[in-house]
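There are 2 protein chains.
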Amino acid sequence: MGERITLAHGNGGKLMHELVDRLRIKFSNKILDEMSDAAELCVQKSKIAFSTDSYVVKPLFFPGGDIGKLAVFGTVNDISMKGARPLFISLSLIIEEGLGISLLDRIMTSVREASRRARVQVVTGDIKVVERASADKIFINTSGIGLIINTKRRIGSKAEKGDLIVINGKIAEHGMAVINAREKLGFISGIKSDCTNLNVQAERCIKASKRISVMRDLTRGGLATALCEIASFSNLGIELYEKNIPIKGNVRRMCDMLGFDPLYVANEGKFVCFVDKKDASKVKRGMGKSAAIIGEVVSSHKKEVYLKTVIDAGRILQMPVYDQLPRIC
Amino acid sequence: MGERITLAHGNGGKLMHELVDRLRIKFSNKILDEMSDAAELCVQKSKIAFSTDSYVVKPLFFPGGDIGKLAVFGTVNDISMKGARPLFISLSLIIEEGLGISLLDRIMTSVREASRRARVQVVTGDIKVVERASADKIFINTSGIGLIINTKRRIGSKAEKGDLIVINGKIAEHGMAVINAREKLGFISGIKSDCTNLNVQAERCIKASKRISVMRDLTRGGLATALCEIASFSNLGIELYEKNIPIKGNVRRMCDMLGFDPLYVANEGKFVCFVDKKDASKVKRGMGKSAAIIGEVVSSHKKEVYLKTVIDAGRILQMPVYDQLPRIC
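Protein sequences appear in the order of chains A and B.
Per the working numbering, residue 1 is the first one in the first sequence, and the count goes up by one each step.
Per the working numbering, residue 1 is the first one in the second sequence, and the count goes up by one each step.
Hints should not be assumed to be uniformly reliable.
Copies of the same chain are indistinguishable here, so a pair counts whether it falls within one copy or spans any two.
[To be verified] Heads up, simulated DSS-like pairs for lysine-lysine below, C-alpha to C-alpha not over 27 Å straight-line: (1) Lys137 with Lys26; (2) Lys58 with Lys184; (3) Lys161 with Lys277; (4) Lys47 with Lys152; (5) Lys26 with Lys58; (6) Lys289 with Lys243; (7) Lys170 with Lys308; (8) Lys152 with Lys278; (9) Lys30 with Lys152; (10) Lys26 with Lys47; (11) Lys243 with Lys302; (12) Lys207 with Lys45.
Please keep in mind that the hints were generated in silico from the structure rather than gathered at the bench.
Just so you know, these numbers come straight off a predicted model, no measurement behind them.
If we strip away everything but chain A, and leave its shape as in the complex, we get:
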């Protein structure tokens, strides 16, 4: 690891994992060591999911969403992925001096709409203001609490051999929408962020099957990075079928033109379920019309994700090192 923090330390890839691991070791405890996006806690007899995220997306508004919506749904989704029903969120703002209050109002209205839609209550908050050039307009932290839905099987971070991998829809839209807006690339692509709440879909999956081992939303680092993490943590291999991965034509074309691999591009409304073969079609139904079975957990390729390409060749997907897109969420 270098001596200074680089943007790549925040991209969800290899350097970030090294940094996260450095911190994890420092604070090591049974709950944190699970390394999922939400912690699973017991308070008296209640099983609770607890999650936090700071949002620094640039620009603040982009087709399909804005920082406020992202901040609510991002945390709601992390909680949902633990098999929990999100209930409460906190809202902490770091504002750069000079921000227009009407802009702040627009963002807060968006937070309100999103929290209503996801059925969570904003119950506590904080505001800090820093001098000009000490922050970039506004950063939002949300933390959230959810109640873990009582199921026979705990949804964790480890997949099992033979699990099928189901995705709920088309990939890479959030990243491409943000980059188009930020760089003013002017693609008249109609590409919108997929930013949405996943709690309803996730709960439907949990009700459809008691055989789900892992649920994971595909944010920073995209589908590939999430699968690399799961393969590594589970000490198993993943085979991924490229032809089954849903993606819109215009998103693929924009990725091709800009040189991005859509497998690594961020989503904000996509997740995967790892589920026993027997229940895969039930879970696929629970995940909606655009859902698809895209891969399988195998005992070969240990800790690796093996992509079977459309031309029936294969390649190993690596954990990314450098940043495709900073400040995507």
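Add chain B to chain A, keeping to what the hints say.
This is chain B only, laid out in the frame that chain A set:
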């Protein structure tokens, strides 16, 4: 309210209260409307306190503490003030590209030491990296969960007529330590921040008396602002006895020289208990050797804090409008 955010919107004073109120109305619900520093929640049968704060203190290190220690104790204290035992915290970092990793390590070591001391576990976290000049070195958000200690009486935000006000020690040290370090004023004052965890003291108070109505830590805005808030929320008056308010000579002298009113200067290890007369001396004992009874809740001066000065004159303490000290926490 002006059209743009100013530093005064973050100082704990009048403009900030207007801004907070603007947001509160947007998200209005029974829990949020209590307007305390931690929310009181029910998850199944467990009563939980939930709090969040982002820390943007400048400089990162100051005599008596640093941003890491502050981030843990600040949130621990907000939870403790609800009569809860802090259990778990989250840790979310916004880092400016280029931050030295050894500096980050020092701060994280401080977070670890503080969390051990306060007996809370860091159970979930997040890292974001932004480009140079998009943040000032590092901002830390901590959110926390605590279990509300089962007591006969709920500790809330409303004081009662006849309550005495007990403080646990000397005021204005944190603010003066930070300003001395930040501005390199070079006062060889030996003034250190009072930054510490209050959960042990707070729990002792709760055990000592069932008649505590409000507990409040005295952070941004200092003693005066906290009391103004409580008087206003309780729809009662507060009489404060200047001669009883503990303050070190060198802190008072530094305040005098720089033109700060110590009543408005931030603390990070001080709190007040509002308690029925009968139990005031018991609570005072629970708050330690430096504790003092500094005032009383009265039915006159409604919503106001009336300071009886050492020369037996009186004045009303106002909610501050402009900023004495930005980025104090």
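How the hints compare with the structure:
Only between protomers do Lys137 and Lys26 lie at most 27 Å apart by alpha-carbon distance; the minimum there is 21 Å, versus 32 Å within a single protomer. For the identical chains of this complex, Lys58 and Lys184 are intra-copy neighbours only, at 12 Å inside a copy versus 35 Å across copies, given an alpha-carbon limit of 27 Å. In the homo-oligomer, the alpha carbons of Lys161 and Lys277 lie at most 27 Å apart inside one protomer (10 Å), although the nearest pairing across protomers, at 66 Å, exceeds that limit. Taking the shortest alpha-carbon separations for Lys47 and Lys152, both the intra-copy value of 14 Å and the inter-copy value of 25 Å come in at or below 27 Å.
For the homomeric pair Lys26 and Lys58, the shortest alpha-carbon distance between copies (24 Å) is at most 27 Å, but the shortest distance inside one copy (31 Å) is not. Only within a single protomer do Lys289 and Lys243 lie at most 27 Å apart by alpha-carbon distance; the minimum there is 17 Å, versus 72 Å between protomers. Taking identical chains as interchangeable, the C-alpha atoms of Lys170 and Lys308 lie at most 27 Å apart only when both belong to the same chain, with a minimum of 18 Å there against 68 Å between chains. Taking the shortest Cα distances, Lys152 and Lys278 sit within 27 Å of each other inside one copy (16 Å), while across copies they are farther apart (52 Å).
In the homo-oligomer, the alpha carbons of Lys30 and Lys152 lie at most 27 Å apart inside one protomer (21 Å), although the nearest pairing across protomers, at 34 Å, exceeds that limit. For a Cα distance limit of 27 Å, the shortest separation of Lys26 from Lys47 inside one copy, 25 Å, qualifies, whereas the shortest one across copies, 30 Å, does not. Proximity of Lys243 and Lys302 under a CA criterion of 27 Å is satisfied intra-copy only: 22 Å inside one chain copy versus 72 Å between copies. Both within a single protomer and between protomers do Lys207 and Lys45 lie at most 27 Å apart by alpha-carbon distance, with minima of 22 Å and 24 Å respectively.
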